[in-house]
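Trainee: Chain residues, written in single-letter form:
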Amino acid sequence: MTSIQPLSAGQLYRYCDPEALGFRTTEELEPLELPCGQQRALEALDFATGMRNDGFNLFVLGPAGVGKREWVQQFLAHKALAREQPRDWAYLYNFDAPDQPRALALPTGVGRRLKRDLEELTEELRSSIPATFESDEYQSRLQELQQAANRRHREAIEQIQREAEEEGIALLTTPSGFTFAPKKDGEVLSAEEFQKLPEEERDAIEKRVEQLQEKLQYSIQQLPQIQRELREQVRQLNEEMVLVAAGAPIGNLKDAYSHLEPVVAHLDAVRKDVIEHVEALQGDKHGRHSAMEAVMERYQLNLIVDNAEQQGAPVVYEDLPLHQHLVGRIEHYVHQGALMTDFTLIRAGALHRANGGYLVLDALRVLQQPMAWESLKRALSAHTVRIQSLERLYGLASTVSLEPEPIPLDVKVALVGDRFLYYLLAAHDPDFLDLFKVQADFEDEVPRTDESQRAYARMLATMARRDALRPLTAPAVGRIIEQAGRLADDQEKLTAQARMLRDLLMEADYWAGRDEAAQIEAAHVERTIGQQRYRGGRIRERTLEFIERGTVMIDTTGEAVAQVNGLSVLHLGDQAFGRPTRITATARAGRGQVLDIEREAKLGGNIHSKGVMILSRYLATRYAREGVLSLSASLAFEQSYGGVEGDSASVAELCALVSAIAGVPLQQSLAVTGSVNQHGEVQAVGGVNEKIEGFFEVCEARGGVDGQGVLLPATNVPHLMLHRPVREAVAAGRFHVYPIRHVDEALELITGMSVGAPDEDGVYPEGSLNRLVADRLAAFAESVQRHSGKDNGDEGDSGSAKHREGNGNGGGRDD
Amino acid sequence: MAGAAMTERRRPEAPPRARLFRRALIMLDASLASTEALRAALTLLRDGDVELRGLYVEDRDLLRSAGLPFTREVGAYTGVARPLASDTLEARLQDRAQLVRGAIRRALAHERREVALQVLRDRVVAAALSEARDSDLLVLGRTGWASGRARSLGSNARQLIHLAPCSLLLGTWPERAVTGIVVRADEHAEQALGAALRVGGDGREYTLLVLPPETGELKDQRLAEITDWLETRGVSARLRVVYPPDENGLLKALLQEQIGALLISRTQDGSEEERGMITRLLERVDLPFLLLRAGAVDQPAEEAAGAPPASG
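From first to last, the protein sequence lines are chains V and S.
Under the numbering used here, residues 90 to 904 are what the first sequence spells out, in order.
Under the numbering used here, residues 1191 to 1502 are what the second sequence spells out, in order.
Hints were generated in silico from the structure; no laboratory data involved.
Incorrect hints may appear among the rest.
Mimicking SDA-like on lysine to any residue, the simulated pairs with C-alpha atoms at most 20 angstroms apart in a straight line are [as the list claims (entries may be wrong)]:
| no. | chain 1 | residue 1 | chain 2 | residue 2 |
| --- | --- | --- | --- | --- |
| 1 | V | K272 | S | D1251 |
| 2 | V | K361 | V | R215 |
| 3 | V | K272 | V | K285 |
| 4 | V | K272 | S | R1262 |
| 5 | V | K168 | V | L498 |
| 6 | S | K1442 | V | P219 |
| 7 | S | K1442 | V | Q235 |
| 8 | V | K273 | S | D1251 |
| 9 | V | K343 | V | E329 |
| 10 | V | K168 | V | D530 |
| 11 | V | K361 | V | K296 |
| 12 | V | K273 | S | R1313 |
| 13 | V | K526 | V | L498 |
| 14 | V | K361 | V | P351 |
| 15 | V | K296 | S | E1248 |
| 16 | V | K296 | S | A1275 |
| 17 | V | K466 | V | R481 |
| 18 | S | K1442 | V | Y227 |
| 19 | V | K272 | S | E1248 |
| 20 | S | K1442 | V | L231 |
| 21 | V | K361 | V | Q371 |
| 22 | V | K304 | S | V1270 |
| 23 | V | K285 | S | D1251 |
Distance windows between CB atoms, simulated [what the hints assert, rightly or not]:
| no. | chain 1 | residue 1 | chain 2 | residue 2 | range |
| --- | --- | --- | --- | --- | --- |
| 24 | V | R240 | S | D1324 | 42 to 52 angstroms |
| 25 | V | R251 | S | S1276 | 23 to 33 angstroms |
| 26 | V | R230 | S | D1410 | 28 to 38 angstroms |
Since the model is a prediction, treat every value here as computed from it, not as a measurement.
Positions of the beta carbon are idealized from the N, C-alpha and C atoms, including for glycine.
Please put together the full structure from these sequences, using the hints given.
Mentor: In structure tokens, the structure reads:
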């Protein structure tokens, strides 16, 4: 019989020596600029930011709560400082195609200046143009031109009238024109009077009238030409006057921006436009300036990206990545019931603001927003940002809108999301890996070494400073590091869950404040951990209460056949706790079937089923290597009404089964966890700390801890970070934690019997546990043989619910 | 003056606007301008019990000429020559008369008033002058049938500005517009102004355009008197001295003051020079225009006698 030694108290926990940290308080520590233990992710970030080729955008993946986004932003901000400030971007009115505003790139900081200059220009034009056109000079010259044109026409007709009068012919007005009539003594001749005239005279009059008519026709037909000339003269006059009002200020601006050809072109267009819209620009004294403002607005600059105060390249985080927040939008206003817009209502998106730098986005949020993912991909593929409204993309709106000129895009996008999302996109979106070639994978945990503990302390110091918390003493940091080990469920790892640490720090600071302490002490950290456990402990306490009162039957003393204390873990929110569960077994003669009741009741998961299958196979191999396992057995988690998943109870189930077959009682003071393989080796399971603590608390509640213990896989020993009460009980010899490597060790400990090794013939020694099992199975086989003629199966058991000679199935419970 | 100090500023009770004119003589020819003139007369004389008479003149000379074998009509807009036969012209003139009647009917569709239409065969100006009396308001369009595209003032209108013995309304008369009242700053200014305000009526915004006398001292005195006159009657009006006191000065003032209707009020027949100025002005600016012969308009007794306004 092997003698398994329980673990010492020192093996149950890894302390952090405050002295070894090398500081008194975190005030002495330098801030940590990069996360510790995340070298892989940091190198990926460094590579992606240095790589200028297309598609080398980042997907930052890792578990939630490690602070991926904050670290990425911090890293990128650091990198961005070394890069050049990007250009300013603006939109200008397109005088040739008003619905297609022009994009304008300007040297950094020039946008703001140009915007101000154009505002000042329009302000000046607002006053100088009306003043110029109200001037006596302009008014009189305009009147002169109009009069001259009218006079030309009128005089032409009057000249004809005079000519006619001189020759005794009157020009008369008809309902729609003019006519000529010969006169005599001031009176128009009638037809009869005319006929009385000599023929020669009649002919002369007729000829003359014909000539006059032709002249009159010609004069009238000249009017459109006169009006065209008038318009041209007025245009020239306007241009001349505009040159007075606007020439100098526009000229000055052209000089100032002569190195920027698009700006000069815009100013030329403004000058031309002013001339063409002189009437609108004159305004009026009754405040009806809408026409003037509509014209003036076109001369403005819509500065959508102003990098004047940007230090280095921009790092933009868009927390609501809607389509329009990414690619920008065009706003509208209501005018006479219709939605209208113009180039001044173009608004920048995150891609515009991040252009020339970095854009950080939450991957899940991008995917949740309609069209946002598609728009982002299109922008990255095309290297341009094209502003198009969602409603137009969907064809839902037919209002007047704009098609702003796309802006060239040079941005590095960092998508932040969990691993599942990354692999999902990689599998299902063919564009994804083309556009996001670099993965920066953040670790869940970081190795626990002396060096990393010191870096961890610096990280805590940085967090405390950033959140304006009290400094931490070295013991407090040590306690947090221990807790970080516990959160990682590992003596050699520390959790990378920055969010949990930050929450812990802030709460510890709160308790320190309640104590009016200047620093966060270890006691405050301890209190925080206790409070967090207490606040989330309602269900744990209720469970414990059920066990204590016997409602849930758990024995922690004595012996029982076919009954063992398994251990399970319940995860509720951010809390997890362990509890013992009674596992029972039955065994009788049958045809090699192990019935998993959890599975049959559809309460067991696949992994649990797998565990039961393995232990069935192990039984068959060990005890019926040459023959048939004539066993009909069943396993159940008693008083379990929820789902069961995981294989961590398979060692316990095997113990219960062996006990049921052999009729050997099991120690109820021991609880068992661990999974078994087909060779009987015990394998590591999860949640060992919670499981041990859960059983320990039950023992305490049931009348005190006195010799109880837990059997756990030896490979789980490095994962132990047990609470102080357990450690103290172990140190006092009241509680034991046994590391086991093989199921035989578990059976020996829990039955108190030697398992027994087979001799050369495969026969187990007399008095050994295996001998009892083998004998009982042999008896089952005989019984089966006796009844085989009249009974071909195990009554009541359905084929699908059984594991025949280890080929069965099983259920599961959370481990 | 103590009495002046005691003067209570209040708007005078609305004087009866009836009988501002004895009669409105509306020259109608079915042209758009004459139809507008008809509406202008109805607007201006809305509250008054004024006889409305329409006058449609069939041009005698035109009818005579239409019988000639070579007569052609040259279109005022197109310049195209068309035959003009006598019988056709007769028919067209009759059609025009029908159109005039139709225009009157439509204009009076919602009115209780009547317009008596008189059809004459004569020359237009001669007919108007023979019919018009000094207390009439002669109403006509700025241009007639063949106004042409460049003519802002027809020949008949120009002649009647010079020859009409009565008040004259040219073109439209807007219900609401900044109305410029032009008065000469002489001893009759208040009378002219009072008549103009009564014709213009309440609810209008007025700008008073004063043609100053030549003497600077006299000018200041007259302006002060006019200002007092306005104040004592509680009349709120912008006052602007027109300089130079000619069509150029007026034109500048009209443009700068955003005048929407022009009312020239005078107590005596204007000189040839003044009539010439008005003609030149109206050729340059297309504004509703009322030339008021203030002396002929019925005056409240005390105003006519130059008595001070009511005081409290």
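Trainee: Which numbered hints does this structure break?
Mentor: 11, 15 and 24
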